[in-house]
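Q: Residue numbers (my numbering), protein chains in the order written: chain P, 1 to 308; chain R, 309 to 616.
Incorrect hints may appear among the rest.
Chain R residues, not near chain P, derived (Cβ > 10 Å throughout) [what the hints assert, rightly or not]:
#1 335
#2 351
#3 353
#4 425
#5 434
#6 456
#7 473
#8 538
#9 584
#10 601
Calculated lysine-lysine pairs in the DSSO-like style (CA-CA distance at most 27 Å, straight line) [to be verified]:
#11 R:603 to P:39
#12 P:234 to P:224
#13 R:587 to R:603
#14 R:347 to P:39
#15 R:574 to R:587
#16 R:347 to P:140
#17 P:175 to P:234
#18 P:140 to P:224
#19 R:587 to R:483
No lab work stands behind these hints, which were simulated from the structure alone. In this text, a Cβ means the ideal position worked out from N, Cα and C, and glycines have one as well.
Number of protein chains: 2
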Amino acid sequence: MSLSETELIQRLTQDLPADSSVLTGPGDDCAVLDWGGSKLLFKTDAIVEGIHFERDTPPKTIGRKALARALSDIAAMSGTPTHALITLGVHAEMEPSLIEAVYQGLRDCAREHHVNIVGGETTSLSQLTLSISLIGRASKPILRTGSAVGDAIFVSGELGGSLAGHHLNFTPRLKEARWLSDQDIVHAMIDLSDGLATDLRHLLSDQTGAELLTRALPIRRAAKERARDNPSGKTALLAALTDGEDYELLFTVSSKDAVPLLDGWKSAFPETPLHCIGKITDQPGIALRDDKGVKPLTLHGYDHLEQS
Amino acid sequence: MSLSETELIQRLTQDLPADSSVLTGPGDDCAVLDWGGSKLLFKTDAIVEGIHFERDTPPKTIGRKALARALSDIAAMSGTPTHALITLGVHAEMEPSLIEAVYQGLRDCAREHHVNIVGGETTSLSQLTLSISLIGRASKPILRTGSAVGDAIFVSGELGGSLAGHHLNFTPRLKEARWLSDQDIVHAMIDLSDGLATDLRHLLSDQTGAELLTRALPIRRAAKERARDNPSGKTALLAALTDGEDYELLFTVSSKDAVPLLDGWKSAFPETPLHCIGKITDQPGIALRDDKGVKPLTLHGYDHLEQS
Chain P
1 MSLSETELIQ
11 RLTQDLPADS
21 SVLTGPGDDC
31 AVLDWGGSKL
41 LFKTDAIVEG
51 IHFERDTPPK
61 TIGRKALARA
71 LSDIAAMSGT
81 PTHALITLGV
91 HAEMEPSLIE
101 AVYQGLRDCA
111 REHHVNIVGG
121 ETTSLSQLTL
131 SISLIGRASK
141 PILRTGSAVG
151 DAIFVSGELG
161 GSLAGHHLNF
171 TPRLKEARWL
181 SDQDIVHAMI
191 DLSDGLATDL
201 RHLLSDQTGA
211 ELLTRALPIR
221 RAAKERARDN
231 PSGKTALLAA
241 LTDGEDYELL
251 FTVSSKDAVP
261 LLDGWKSAFP
271 ETPLHCIGKI
281 TDQPGIALRD
291 DKGVKPLTLH
301 GYDHLEQS
Chain R
309 MSLSETELIQ
319 RLTQDLPADS
329 SVLTGPGDDC
339 AVLDWGGSKL
349 LFKTDAIVEG
359 IHFERDTPPK
369 TIGRKALARA
379 LSDIAAMSGT
389 PTHALITLGV
399 HAEMEPSLIE
409 AVYQGLRDCA
419 REHHVNIVGG
429 ETTSLSQLTL
439 SISLIGRASK
449 PILRTGSAVG
459 DAIFVSGELG
469 GSLAGHHLNF
479 TPRLKEARWL
489 SDQDIVHAMI
499 DLSDGLATDL
509 RHLLSDQTGA
519 ELLTRALPIR
529 RAAKERARDN
539 PSGKTALLAA
549 LTDGEDYELL
559 FTVSSKDAVP
569 LLDGWKSAFP
579 ETPLHCIGKI
589 TDQPGIALRD
599 DKGVKPLTLH
609 GYDHLEQS
């Protein structure tokens, strides 16, 4: 595989058939479709043994993670998930009780978020694989496009070190995203799955960039501990920028809305951190500002195909 | 794997969360959802290297087959497909040009049937896998349930020997199914993917059965030729009953509607065969009637997991 996932997807999504019912096609967290005047969100997301979980990951947790990841994409559009289909690829020697436990995790997560599971299929595959198809609705979907120079950049929760546990037990930010939509101030939003350094680029255009304040980045304790225990590995800052699987909301608002937003959020979600981590600039690319000045960030987060 | 696919799915689909928006859940060709008063069809279907195609199958053909199978399920509900998402599992050493050719097959098939491709994802997998998520609409979806004792059983096209080529170049019976829906006479319908002997059972209840006329079964020439070339293998009749991958419509109508239906179909689709192959009875199970009398049919068609 000589192409990166990004390059390959760019090639594949050229010239796809699309009529006027496609309000937002490939390239956002979900497709947005005009369905008889209402807006329908449509998304598919797969997790694969050896990439997103291990053979010894508890099976209920695997099911939970598969659905929660897709729900996080619906959250990124400020939508409400409604119906899911489950595609399960299982190896022939897998115990039915294990498969049932995977399904139990799916069912529990679906019930928690009022999602109907309406079918799916099982097929034989050499790696355990769960692919979720999800539809939902959104009255005013928030897209990745729409950020403007001067916008403040916000992130929910904390970043980095997800593999220590967060990637298996995160809560998709559905209610926070709907609350944000109700405030009617968010310009652009994405959920963080591939790492801040990669996903932030999706909120930028060719003419805009982002300046991040390194001291403002909320770093998860697990990332700090890992950096302390392994001084020759990733720094905690690098982990926060590139680890991926944070499943937090990253979004921009006008700078004038930043302080009222922080106040409102604190009342609505007292237990969930929200941090302003930087601003949108007219300098393409991402820059990091610390005590010593500003330097460009060139590294990327997780690229699925390059990892394989 | 000690359970059959059918038994496992029965276990997995117990106790799934479903509210009143779910008009038809697991167990039919598609889920049927109430979406603001309109009926939305929702379906997912996957094809896997080594099961549904081989490593040397032309890549455009693989893409085409993946989408056409899902379209056949929309046809089975007499629906109109509208939007698809593509999940592509590729091995790391796969050439990008091959992946692009798979996508070309998908695009061509989508365009032919006026389906929008609105996104998807690629992930690493040891077997090439294509999973299609599809939504569509149907004003009056035809379900698997609804057949009545005395109904005539019809099948479009021909059966058996699909692996000789038909499974890669069939045309999903979308226009025929919508025409059938307009006639307003069909009681129950399914598309034939796992073989007549298996799929017909889905149109039966615990109290009903089917009697097939062996001489009326339309057997594809490829099945006859294979039986002739390999006398110790499957008979042509057994092939028509069990080979699978026919992607034809199987449906029932009242016996009084049978002759007008055949006349109308012949005018509408002069090049597509339609055969009355038997009737629904009050004797559970499937029976075969030939010159020598009636005998029960116990064999089944293709069971995905048992094949693996």
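Q: Compare the structure with the hints numbered earlier in the document and write down the numbers of the violated ones, lowest to highest.
A: 1, 2, 3, 4, 5, 11, 17, 18
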